[in-house]
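Student: Chain by chain, the residues:
Protein chains: 2
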Amino acid sequence: MALVVQKYGGTSVADIERIQAVAKRISRSIIEGHRLVVVVSAMSGETDRLLALGRSVSEVPSAQMMDILVSTGEQVSSALLALALQDRGHAVLSLCGWQIPITTDAMHGKARIEDIDVTRLEGFLESYQAVVVAGFQGISSEGRITTMGRGGSDTTAVALAAALSADECQIYTDVDGVYTTDPRVVDNARRLDSITFEEMLEMSSLGSKVLQIRSVEFAGKYHVPLRVLSSFTEGVGTLIRLDKEDDMEQPEVSGIAFNCDEAKLTVRGVPDVPGAAYQILGPIGEASIEVDMIVQNIGAENNTTDFTFTVHRRDFDQALKILLKISEQLGGLEVIGDANIGKVSLVGVAMRSHAGIASRMFKVFADENINILMISTSEIKVSVVVEQKYIELAVRALHTAFQLEKP
Amino acid sequence: MALVVQKYGGTSVADIERIQAVAKRISRSIIEGHRLVVVVSAMSGETDRLLALGRSVSEVPSAQMMDILVSTGEQVSSALLALALQDRGHAVLSLCGWQIPITTDAMHGKARIEDIDVTRLEGFLESYQAVVVAGFQGISSEGRITTMGRGGSDTTAVALAAALSADECQIYTDVDGVYTTDPRVVDNARRLDSITFEEMLEMSSLGSKVLQIRSVEFAGKYHVPLRVLSSFTEGVGTLIRLDKEDDMEQPEVSGIAFNCDEAKLTVRGVPDVPGAAYQILGPIGEASIEVDMIVQNIGAENNTTDFTFTVHRRDFDQALKILLKISEQLGGLEVIGDANIGKVSLVGVAMRSHAGIASRMFKVFADENINILMISTSEIKVSVVVEQKYIELAVRALHTAFQLEKP
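Residue numbers (the working numbering), protein chains in the order written: chain A, 1 to 407; chain B, 408 to 814.
Rough simulated footprint, nothing fancy, chain A against chain B, three-plus residues with beta-carbon under 8 Å:
id : stretch
1  : 465-474
2  : 491-502
Computed spacing ranges between beta-carbons, pair by pair:
id : chain 1 : residue 1 : chain 2 : residue 2 : range
3  : B       : 572       : A       : 287       : 48 to 54 Å
4  : B       : 498       : A       : 273       : 47 to 53 Å
5  : B       : 682       : A       : 143       : 53 to 59 Å
Read the hints as simulated data drawn from the structure, not as lab findings.
Note that CB positions come from ideal geometry on N, CA and C, so glycine has one too.
Generate the whole structure from the sequences, applying the supplied hints.
Tutor: Below, the structure is given as structure tokens:
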């Protein structure tokens, strides 16, 4: 008998039939003897419907009011799932975030969990077979309903698992695990039985959107074993491992992440003096634009350097405007922008101990005649920016070259 | 500057346009200098939608889960109205029942308010121009969300007005006040400028469904001046009076209530001995069937009597079955049932001091050749049961005879 936290996303509870299917799955876990805390998202489409309702009455809706509105989505799905479980004869309870309570900061719409008091919840787990919790929401110290932003139900599940010292946190979604890369691009992409937290962080932040990145960080920090499974098919999914097994046993590369939603910006001829990077990136950060890759090369002439970074494509225009203003202040430097790029990354903890991954990667690009625009590396990944049109070709070539289809 | 509680029903917030119209009306009250607590129902149709959702996952849905589900209706409308008010530049707050808190008993689906702690609310009224409250809901002492059943938003508004010692509680609905009778039946039915609490209780319980009866009782008990107004048209509505003005000044009859949703049941030849009424009505009450009129005549033969009462028509079959069983135990008495009836009542506090109202009423029935099946009187009303087909004729004839079209 284990204490398991299960989380079901919006597509898993999209309609009555799927809620019944989820109830059946939970019922099986109960009958197997597990104690369960089940976190649910809103039925898919419901959050968007509520957001649209709010925007239709107010042009600049306050985040505080939107939280009251949007949090009803999870309240409805948690009550429906609890009803379906009661209908199967189980003793269950349904709770909103404030009832546990899950205390968050007051950043409405993107609140962060500050504290979870599980005293009452542990009591309920003595008398109920399962407790269904509305995900994505909490209560601020001022007593207001807060939401954690998109994907916050994953965070709720992981945080509850951590607070309860649960044996496992299972994230049920519409994919049956984490793959070596996107199966829509590479036919023989392979489901990984397990992956380390660090790899998962790189994989999800780089575009394999299986889990919300914050929930993975959280799980890693609090040593919560995390498993990604499909709520539609049977299977063991992918375990996101706690323990650092011997890296030598690991494959050199675990997976290939990629995305096409970034844009790159370059300032040429930046004076190669202390403070230059800050002068450029300071105003970008102040505008709340998140920067992903940053590359600075030693410049050739006059002790100047070229400074390049990538941002989300939606922030491209604003970032470009800021850079042009800065370049003017710095004496009219050249600014180059390119929104027509993509990024491919090889990820694997074993890179630490295996030399030559990067050079083998670059050879694949050379063989395919793909020009590399930017390179950035970390201990467990190598990222390369290329023209967007080459992305799928690059991913397929790398998947074959590193034999990722083989276990 | 007054402290006013306003309540808007489901049809008043049925869609975005109506929510904007309500916001405009509230905005005017704010600009006039009033401090406002606004109670809202769910957008019309929403409660039914949520109930249907719940029933679609569970054949016998638990009332506790249904409360979690259904209470989101008011949460959504309160947030939307608050957003619309913010959009008009007002500082407003939106609160659920549990946030105030409105403490109720644990009778899920039909909870009764036990306590309202207005300490926080009074604080909010210092810093906000209006506080929007989700009606119809509260929290039990176990910390569970409760709902008060249909019409509970009226009760919420009145209870808040009482707890806050508000200057007036305004119930906005789709009619512009309380009429002498249903204008759909009598063309020249007249809106009453005011009516006493006692009259209103008789009017609403007898079928003029303007206000939930429990909220009127509540308002009367706690001396909350109550006003019924239309949220669609301008006007002063009808004030439900606190003060007992000189009854002599009052018209003899304030209004005519009627309904066609009752059925009558008679047990003939009941032994005229103590306990007979209890033997008959005890089992009816135990089956949670509510009895409206009760009439017992002195019987002619063998010290027996005829015992007649009315129930809601939906309870007719069950009540008949119970009566047949009782009559068997009492030695095979005759049981007569009639679901094809209607009830007409004259209501007016001035009846106390004006003799002869009943006899004038009966003359109207005689003139129209309508046979009276049952009569029941109280201090401020006379109710008559007739065949259902005569109801509209009776109402029109009485309205004319008592000159209710004249102020």
